[in-house]
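Student: Residue numbers (the numbering used here), protein chains in the order written: chain A, 1 to 476; chain B, 1 to 95; chain C, 1 to 486.
Just so you know, the hints here were simulated from the structure itself, not pulled from any lab data.
Here the structure is a predicted model, which is why all the values come from computation and not from measurement.
Backbone N, C-alpha and C fix where the C-beta goes; we use that ideal spot for every residue, glycine too.
Treat the hints with care, as some may be off.
Unchecked claim - Pairs of lysine to any residue, SDA-like flavour, derived with a Cα cap of 25 Å:
id	chain 1	residue 1	chain 2	residue 2
1	A	Lys130	B	Lys66
2	A	Lys410	A	Gln435
3	B	Lys78	C	Val97
4	A	Lys102	A	Gly30
5	B	Lys66	A	Arg371
6	B	Lys78	C	Glu274
7	B	Lys66	A	Ile288
8	A	Lys72	B	Asp85
9	A	Lys130	B	Gln84
10	C	Lys411	B	Leu37
11	C	Lys383	B	Gln60
12	B	Lys10	A	Arg371
13	A	Lys28	A	Met261
14	A	Lys28	B	Asp85
15	C	Lys292	C	Glu274
16	C	Lys145	C	Ala480
Said to hold, decoys possible - One side of the interface only, derived from the structure: several residues of chain B facing chain A at Cβ under 10 Å:
id	residue
17	Leu3
18	Ser6
19	Lys10
20	Val49
21	Ala69
22	Glu70
23	Lys82
24	Ser83
Residue-level listing of the chains:
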Amino acid sequence: MEWETVIGLEVHVSLSTQSKLFSGSSTKFGAEPNTQANIFDAALPGTLPVFNKDALRMAVRFGVGIGAEIGKRSVFDRKNYFYPDLPKGYQVTQLDYPTVGKGSLTVVLSDGREKEIGVTRAHIEENAGKSLHEDYHGMSGIDLNRAGEPLLEIVSEPEISNAEEAVAYLKKLHTIIRYLDISDAIMAQGSMRCDVNVSIRRVGDTELGTRTEIKNINSFRFVEKAIHSEVQRQQELIEDGGRVIQETRRYNADRDETTPMRSKEVANDYRYFPEPDLLPIVIDDAYIEAIRADLPELPDAKKQRFVEEFKLSDYDAGVLASSRELAEYFELVAKQTGDAKLAANWVSGDLQALLNKNSWEVADCPIQAERLASLISRIKDDTISGKIAKTVFETMIEDASSVDDIIEAKGLKQVTDSGEIEKLVDDVIANNPDQVQQFKEGKEQVIGFLVGQAMQLSKGKANPGQVNALLKDKMK
Amino acid sequence: MALDRSEVEKIAHLARLHVSDAEAEEVTTRITDILALIDQMQSVNTDNVEPLAHPTDAVQRLREDKVTAEINRDELQKLAPKSQDGLYLVPKVMD
Amino acid sequence: MIEKTVAELSAALAAGDISSVELTQTYLNRIGQLNSELNAFITVCEDSAMQQANAADTARAGGDSGALLGIPIAHKDIFCTEGVLTTCGSRMLHNFVSPYNATVVERLNSAGVVTLGKTNMDEFAMGSSNETSFFGDVRNPWDTKRVPGGSSGGSAAAVAADLCAMATGTDTGGSIRQPAAFCGITGFKPSYGRVSRWGMVAFASSLDQAGPLTKSAEDAALMLNAIAGLDEKDSTSIDTPTDDYTAGLNNSLEGLKIGIPRQHFAEGLNSEVEQSIRDALKEYEKLGATIKEIDLPNNHLSVSAYYVVAPAEASANLSRFDGVRYGYRCEDPVDLEDMYKRSRSEGFGDEVKRRILVGTYALSAGFYDAYYRKAQKIRRLIKNDFDEAFKEVDVIIGPTSPHTAFELGSKSDPVAMYLEDIYTIAVNLAGLPGISVPAGLVDGLPIGMHMVTNDFEESKLLNIAHKFQQSTDWHTRKPAIKTEEA
């Protein structure tokens, strides 16, 4: 039987405001429990919310950034349920009038195909606190530091057909959010989280199947694995004559399976109604236009410009534009060296590998753009060879000295002195009579071997072009 | 609209209230009476009426994004029925 | 001295005829004598009151002045008061010592008042008789077998019995005006948004409003001067300029257009109450006002709509009382659900639970449109009625309550109790200012006259009330309190 998968994603992003959505408590990560929960956050009687200006600005910035409709009048609602990490007994969110309406993202898939995925809406809401399950005499501990932090929940249309598209969508969202500087969007820290709605149907069916919701997945890889595992579970269930029930599930990475969440099943009648402690948020065109004017160049535009301005391939431009920091890094190196191709190779190659290996952000990297640019400049002016440059690059990770100092100190400067090179070439010719004979008999490709010998002898420092020319000259 | 006991129990659960067997009948009757009072408004046609959520037509003010809270955790936790190590304690949370 | 108005006491303090310490001690003595009979106070703050009185006298000696400096006040126990028990009349908060002050309290403190204590009230302000308090019934000083009205019954009884010079209250459907009427004092509900709700335990957020209970309209103006105005901590507090509310008190009423709603002089109104109001209207005619009948055609739906909106908002507002961070938690909960259910069922009284259930029902899946949304539409119709009326008249006048104070325990049916607020509730739904002033006595019990002006016309309303009190003496009548010792 042929099945198709229908996926919708709900992504929660923590907006990077200084203070909470409705109170003046700090949002700093990692504080002692309940030291960032004031009387409002702890829902003391009589306390009231006042809305954070920057949370609105960031939400609208996102909306404008993805070309979405902006709600000029948005309204907060109360979503009612009891949970110990939800101090008021309701979450303030936006149901009918979200700040961001319909928009879309375009993703590029591994086969090069582009797909536009609709964003249904993005609304502002408050985060809940944390329940700590370590044992306190058989009880749970509640930390409200996170309670009331501003979230943007971004809801996609159910237009995602498989795990690859889901991950591509998430990565694109991640990139845009980082470009817009509205959130760290670090999945491992929970500042970006994903709920996945999955259903399957027979190919050709028009109605959607019953969906399940997999909650709180915190890495791209787990999103992919959770979708695979849930799709397979649903297929096997239906093929065995069973029925998918609408429920909330959790992905267990160790066992690579999804399991139902018990607590969320019962009575999800949230009794939404307009939050009477807050008034409608009204914004005008001038507000939206000011935000639009303040937008940075976004990834699609940047990629396009890289292709046109620097003549990069689509692929290279895409890789570099996938991170604002990486793209800015690249541009600096390209401009400083005047060699975009070489800059692109180094940034998307060695530098990216270094970042990945150490899980560094660009800002954490000990080799900043100016230093990499000097390194590349030394290749271009023949001070060192490309191969030696790799060695210098390795050294630069540990050694903060300038590129020139490192080259000098390690004696890596390329040998261009014709006397020295002549001596090298003479040695090679003397030590390899067989190869010299072969060359003279017309087997010209043997020159590579001889140049290699010279390079080895010079510990890589000889200028290979010069060696090559002199060798040929002497063997004539 | 008349309520039956099972509906009252469903609502009571949503509101995290316990309605004992002894109270159930009276609670059901009382709420049914109140709903009868409320249902008087059904007699008026409101098809083209815009709902009024709030008496004022003012709009939301915005707060500068600044950390202003002064938090005395110990003072707040003194109010709590049970706390330890700066945490509020509750019976085991299952999720 | 204690029977005097705030304006009079203020003059006496300024003249040095009496000190705040003496005045405070006198009130504390009287509370000591009468509170066991009236049960108007839940908490009396003797020590801190004397300290504040001392501080006020010292400040005055140092050259400070101000209409409220050194004046003893009582706060409804719905206002959070730092370091003082704040119960909201509920077992749920029987041990809740607030770590912060309500804005109303803070502003009055800045004006130099002396806080005598916290007054009894219907639990979470849900009631019209003060019989739902966890701390027992309050008794009406005019007849201790009768209710003082509610929910600000403790404040009204305390002012009427001269246990304080003035008191704060809150009004969600009539909770300042109806007890003021039953106790023969002045009770004023400002426009929604005029006074900050920060620190006021929420019942129904879109209806609640704080206001004064006083011995005269002039005193209400003095109190409003202290508490009115924008508060950044309350998003619904309105940024509209406030007046000096005493400035226009004596303006002429020549040409004033009074509207009397046919619907408020219809079936259900006690005929003697009606006569008192009609007599009062004659006073206004003498002052140059003209009177015309008007219609508030949807007024009869106000109670229905209110009993959706208020319980719905309350059902959410009261969810925070869960036994986790403060307040009552049941003994030895077996699990989380047991903790929630028993803490809330044991912590809340019957009326509060009923309203939570009704509100929960009205918001639940499948009923939202038929109840909550419908009620909001009715709310619009009610507001439209007022808008129409105020195109023709300056003020709407009628009775505050259909009758005088009823006997304790005589209204056991909740629906009958809800209908008590038939004349006052629409004003909350529309967010308008309303005042109740004493306008007569029937069988030795006070009658309240209810007056309403358009949005933010507090100055005009206080002017209209004050002029009546300048030409009549109903507001100066005092109950002869029969205590058990007396």
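Student: Check the hint pairing Lys145 (chain C) with Ala480 (chain C) against an upper bound of 25 Å on the C-alpha distance.
Tutor: It holds: about 14 Å lies between the C-alpha atoms, which stays within 25 Å.
Student: For the hint on Glu70 (chain B), does the least C-beta distance to chain A fall short of 10 Å?
Tutor: holds (8 Å)
Student: Verify the proposed pairing of Lys130 (chain A) with Lys66 (chain B), using a straight-line Cα cut of 25 Å.
Tutor: With Cα atoms ~23 Å apart, Lys130 (chain A) and Lys66 (chain B) stay inside 25 Å; holds.
Student: Straight-line Cα separation of Lys410 (chain A) and Gln435 (chain A) no greater than 25 Å?
Tutor: violated (32 Å)
Student: What's the verdict on Lys28 (chain A) and Asp85 (chain B), does the C-alpha distance respect the 25 Å limit or exceed it?
Tutor: With a Cα-Cα distance of about 20 Å, the restraint between Lys28 (chain A) and Asp85 (chain B) holds, given a limit of 25 Å.
Student: Decide if the proposed pair is consistent with the structure: Lys411 (chain C) and Leu37 (chain B), CA atoms, cutoff 25 Å inclusive.
Tutor: Cα-Cα ~16 Å, so holds.
Student: Between Lys78 (chain B) and Glu274 (chain C), is the straight-line Cα distance small enough, at 25 Å or below?
Tutor: violated (53 Å)
Student: Within a Cα-Cα threshold of 25 Å, do Lys130 (chain A) and Gln84 (chain B) meet the stated pairing?
Tutor: holds (15 Å)
Student: CA of Lys28 (chain A) to CA of Met261 (chain A), is that 25 Å or under?
Tutor: Not satisfied, since the Cα-Cα distance of roughly 30 Å exceeds 25 Å.
Student: Decide if the proposed pair is consistent with the structure: Lys102 (chain A) and Gly30 (chain A), CA atoms, cutoff 25 Å inclusive.
Tutor: Roughly 35 Å between the alpha carbons, so the hint for Lys102 (chain A) and Gly30 (chain A) is violated.
Student: Leu3 (chain B) was flagged as interface toward chain A. Is the shortest Cβ-Cβ separation under 10 Å?
Tutor: Because about 16 Å separates Leu3 (chain B) from the closest Cβ in chain A, which is outside the 10 Å limit, the hint is violated.
Student: Taking the least C-beta to C-beta distance, is Ser6 (chain B) closer than 10 Å to chain A?
Tutor: violated (13 Å)
Checked against the numbered hints given earlier, the structure breaks hints 2, 4, 5, 6, 8, 12, 13, 17, 18, 20 and satisfies all the rest.
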